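Student: For reference, the chains in residue letters:
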Amino acid sequence: MMLTASSGHKGLPSMPAVSRTPVLSVRNVGVEFPTRHGLLTATEGVSFDIAPGEILGMVGESGAGKSLTGMSVIGLLEPPGRLSAGEIWLESERIDTLSLRERQRVRGRKIGAIFQDPLTSLHPLFTVGKQLCETIRYHLGLDKKAARARALELLNQVGIPGAEQRIDHYPHQFSGGMRQRVVIALALAAGPSLIIADEPTTALDVSVQAQITALLKQLCRENGTAILLVTHDMGVIAETADRVAVMYAGRVVEIGPALDVIQRPRHPYTQGLMNSIPSLKIRAEALNQIDGSMPRLDSMPQGCAFHPRCSFAGPRCAKQRPPLAAVGENMSAACWLHQGGVNGDA
Amino acid sequence: MATPENAEIMVVADKVTCLFDVSAPLLNRLIERQPRRTLRAVDGVSFEVKRGTTVSLVGESGCGKSTMARLLVGLHRPTSGEIRFPGEGGRPRVQMIFQDPYASLNPRWRVRDIIAEPIRTLNLRSGEDATRDRVDELLVLVGLSPRDGEKYPHEFSGGQRQRISIARALATEAEFLVCDEPTSALDVSVQAQILNLMRKLQQELGLTYVFISHNLSVVRHMSDRVAVMYLGRIVEEGEANAIFANPQHPYTKLLIDTIPNLEDPNRDRKPLGGEVPSPINPPPGCAFNPRCGLATDRCWKERPELMRQSDGQNVACFVADTRIPFEETVLVSEEV
Numbered sequence: 001m002m003l004t005a006s007s008g009h010k011g012l013p014s015m016p017a018v019s020r021t022p023v024l025s026v027r028n029v030g031v032e033f034p035t036r037h038g039l040l041t042a043t044e045g046v047s048f049d050i051a052p053g054e055i056l057g058m059v060g061e062s063g064a065g066k067s068l069t070g071m072s073v074i075g076l077l078e079p080p081g082r083l084s085a086g087e088i089w090l091e092s093e094r095i096d097t098l099s100l101r102e103r104q105r106v107r108g109r110k111i112g113a114i115f116q117d118p119l120t121s122l123h124p125l126f127t128v129g130k131q132l133c134e135t136i137r138y139h140l141g142l143d144k145k146a147a148r149a150r151a152l153e154l155l156n157q158v159g160i161p162g163a164e165q166r167i168d169h170y171p172h173q174f175s176g177g178m179r180q181r182v183v184i185a186l187a188l189a190a191g192p193s194l195i196i197a198d199e200p201t202t203a204l205d206v207s208v209q210a211q212i213t214a215l216l217k218q219l220c221r222e223n224g225t226a227i228l229l230v231t232h233d234m235g236v237i238a239e240t241a242d243r244v245a246v247m248y249a250g251r252v253v254e255i256g257p258a259l260d261v262i263q264r265p266r267h268p269y270t271q272g273l274m275n276s277i278p279s280l281k282i283r284a285e286a287l288n289q290i291d292g293s294m295p296r297l298d299s300m301p302q303g304c305a306f307h308p309r310c311s312f313a314g315p316r317c318a319k320q321r322p323p324l325a326a327v328g329e330n331m332s333a334a335c336w337l338h339q340g341g342v343n344g345d346a
Numbered sequence: 001m002a003t004p005e006n007a008e009i010m011v012v013a014d015k016v017t018c019l020f021d022v023s024a025p026l027l028n029r030l031i032e033r034q035p036r037r038t039l040r041a042v043d044g045v046s047f048e049v050k051r052g053t054t055v056s057l058v059g060e061s062g063c064g065k066s067t068m069a070r071l072l073v074g075l076h077r078p079t080s081g082e083i084r085f086p087g088e089g090g091r092p093r094v095q096m097i098f099q100d101p102y103a104s105l106n107p108r109w110r111v112r113d114i115i116a117e118p119i120r121t122l123n124l125r126s127g128e129d130a131t132r133d134r135v136d137e138l139l140v141l142v143g144l145s146p147r148d149g150e151k152y153p154h155e156f157s158g159g160q161r162q163r164i165s166i167a168r169a170l171a172t173e174a175e176f177l178v179c180d181e182p183t184s185a186l187d188v189s190v191q192a193q194i195l196n197l198m199r200k201l202q203q204e205l206g207l208t209y210v211f212i213s214h215n216l217s218v219v220r221h222m223s224d225r226v227a228v229m230y231l232g233r234i235v236e237e238g239e240a241n242a243i244f245a246n247p248q249h250p251y252t253k254l255l256i257d258t259i260p261n262l263e264d265p266n267r268d269r270k271p272l273g274g275e276v277p278s279p280i281n282p283p284p285g286c287a288f289n290p291r292c293g294l295a296t297d298r299c300w301k302e303r304p305e306l307m308r309q310s311d312g313q314n315v316a317c318f319v320a321d322t323r324i325p326f327e328e329t330v331l332v333s334e335e336v
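Chains as they are written, first to last, in this note's numbering: chain X, 1 to 346; chain F, 1 to 336.
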C-alpha cells in the first residue's frame, strides 16, 4: 500500500518515498466552469496516487467534487467544465493532454468505468452479449468467436448464474444487482489497469450492495486492478477501501488508511461527518450534527472552506487556507489544528 | 424514548391488502391469450401505532413499504382489510413527508405561500395577519428564519427544503406524519440535522410518526417499534431495541448483518446470494425461502403467519419456536 497522497510533488511538503510505481497519479488537479458571472472553481489542488491492486475511496457530500475528480481522470468532464491545472498520469503516460482519439484508446482499454445507475450505462436495445463483444473487439481486436468466449468468461467471472443463456438477454431482463454485474463485466472487458467506480452501489438494495462490493474487492485482488471508488457511503468505504480521501468544497481535506480515517479522523469535518452517522449499536438521544451546509461554489469563504461550520476555528482559519500536510505517520489533513494552531498568523 | 404502556392508539392497520392490476392491455390479453396478472404490493399487513411514538417500516425495494405509506394517508384504498383511527374525534389530521424535497415543493411559489396554503385552505387562522404570524412561527420551529419565507424553493439546499416540507405538514396542525424516506436524498451531515429536528418536534408537539426507510441505522435511531417487510408482508415486528439486539427472522438477520459496522468493519465479508424476487410472481410458501439458509420442505409448501414469540417479538418463520398466534395477543392487548 502506498503511504500518502501527495508523495514528493512540489508545492506540498515531501512525503516518504513510494514503494511501487502508482497506476494512477493525480497531481494538483483542478476543475473550473466558466459561467456568465465569471469562473467557478469546482475543485482545486487535488493530488493522490493509487498503487496496483489498491482501492482508494473518495468520500464527500454532494457537490464536494468527488465525481468531478473521477470524471476528470476518465476525461469525461462535461463542457463547459474543464481542467484548470494539474497533471494526470496513468502508468507513466500523461493522459490529461491527449487528443480525443488517443483518449478513446485509453478509455475502456486502460480505464474502466462503473456508474451509479446500471440501467443508463447499458444500451436497452442490444443484448448484453453484443455490448460486451463490441467493447472486446474494439479494444482487443479479437474475432467474433473469441470475443464471445471472452464475454462468457467475463460474465462467469462477475458471478452471473447461467451465463450461457443470460448472454443473449437484454438489460431489462436483469435485476438491478445483476445489471450492475454486467456493467462491471463491461468495465473489465479489456483488462484495464484502473477502474473508476462512481457510486457503484448507491442504486442497489442493501443486501445486494454487499455482494457488489465483495465482487469489486475480489476482482481487484485477483487482477491487480486499481480502483478509484467514489461514494458518499462511509460503510462501503470501511469495508472496501484501503485508503480514503475525504473531499470538502472541492479540496481533499484528509487522506490516509481507511480505518485510521474512519476511527481516528484528524480533520474536524471528517470528525463531524463520522459522528453524524447513526450507530446500529447505541441509540443516542440526539445525533451530533454539523450545523449549516457546504458553501456554494460562488460564495466560497476566505481561508479554510470549513471554518464557518467548524467549532475549533480560530482567526487564522478565516484568513489562510491550510495546505494538505502530514499528520502522524500515514495520514495527511488540511487543518491548522495540526499545523501550528488556529491562532497563529503566518 | 419509552413507549407509554397505556397510550392511546393512533392508527390500526388490520390485515390490509393492496393489489395492483398489472395485466397486459385488453387486446394483448385477447390475442396473445395472456392471463390477468396482479401484484400483491401489500399482503395482509397488521400493526398498530400508539400516539406519540414512532413505528418504522423497513425493507428493500419492492417490499411494499411505500405502498403502505400511501395506504395510511389515504392515497390508495386497501383492496381488503382496513385502516382504523380508534381515537376520540375520529380521523386525525394526517400529513406525508416525501423523499425528494426537490419534487415536492412548487418551484413557482414563495416558501411563505407554500406553508400558508394548508392554513388558508383549512381556515385554521382568520385573516392574513394571523396566517402570516403562524407561517413565521412555523419557519422558526423548523429552524429557518421568517425572512426565508420570501424566497423560492430553488434558493434552498436539500436539507432546508426538507425543513420547509416539515413546516408545511405541521401547518395543518397534523398529529400524525407518515414520512417516506425523508432523509434518503440528503447527505449524512444534513440527515443528522433533519433527524434531530424530527425527534425534537415529536417531543415538543407529541407527534406520531410512521417512518419508512431502507436505512437500518436511521430506523434504529428514530423508532420505538420496527416492522420488517419482505415482499408485501411483515416478517418480523417488535420493539426496536429487541429487534436490533436479537433479530429472530433470517431476513432481519441478513439485513442487520449486511450493514457495515464502522467501529469494526467486516472486510472479509462473504455476502449472501440472491435478490428480492418479483412481487408479481412470488415463490411458493415463505417468500424468503430461496435465500434462506434454514429453509425446510415446509417453508416451500406453507406460508408462515406472524406469530408472537415468548420474548414479545412477532415473527413469521417456521424455524423460530415458542409461538403464540399473533391475533390472540392483539385481542389481549386491546382488553388491557
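If you are wondering where the hints come from, they were derived from the structure by calculation, not from laboratory data. Hints should not be assumed to be uniformly reliable.
Claimed, not checked - Straight-line alpha carbon distances no greater than 20 Å define the calculated EDC-like cross-link-like pairs of lysine to aspartate or glutamate that follow:
#	chain 1	residue 1	chain 2	residue 2
1	X	Lys281	F	Glu82
2	X	Lys281	F	Glu239
3	X	Lys217	F	Glu239
4	F	Lys151	F	Glu117
5	F	Lys50	F	Glu204
6	X	Lys281	F	Asp264
7	F	Lys151	F	Asp129
8	F	Lys200	X	Asp298
9	F	Lys151	X	Asp298
10	X	Lys281	F	Asp257
11	F	Lys253	F	Glu204
12	F	Lys253	F	Glu275
13	F	Lys200	X	Glu285
14	F	Lys50	F	Asp21
15	X	Lys217	F	Glu305
16	X	Lys217	F	Asp129
Treat the numbers as computed from the prediction; the structure is a model and nothing was measured.
Student: Next, verify each hint and record whether it holds.
Tutor: Cross-check of the supplied hints:
1. X:Lys281 with F:Glu82: violated (36 Å)
2. X:Lys281 with F:Glu239: With a Cα-Cα distance of about 15 Å, the restraint between Lys281 (chain X) and Glu239 (chain F) holds, given a limit of 20 Å.
3. X:Lys217 with F:Glu239: Violated: Lys217 (chain X) and Glu239 (chain F) sit about 36 Å apart, past 20 Å.
4. F:Lys151 with F:Glu117: holds (16 Å)
5. F:Lys50 with F:Glu204: With Cα atoms ~16 Å apart, Lys50 (chain F) and Glu204 (chain F) stay inside 20 Å; holds.
6. X:Lys281 with F:Asp264: holds (11 Å)
7. F:Lys151 with F:Asp129: holds (19 Å)
8. F:Lys200 with X:Asp298: Violated, because 33 Å separates the two Cα atoms, which is more than 20 Å.
9. F:Lys151 with X:Asp298: Distance ~18 Å between Lys151 (chain F) and Asp298 (chain X) Cα, so the pair holds.
10. X:Lys281 with F:Asp257: holds (12 Å)
11. F:Lys253 with F:Glu204: Judged against 20 Å, a Cα distance of about 34 Å means the pair is violated.
12. F:Lys253 with F:Glu275: holds (15 Å)
13. F:Lys200 with X:Glu285: holds (10 Å)
14. F:Lys50 with F:Asp21: Not OK: Lys50 (chain F) and Asp21 (chain F) at ~33 Å, beyond 20 Å, violated.
15. X:Lys217 with F:Glu305: violated (39 Å)
16. X:Lys217 with F:Asp129: violated (61 Å)
The structure is inconsistent with the numbered hints 1, 3, 8, 11, 14, 15 and 16, although it conforms to all the rest.
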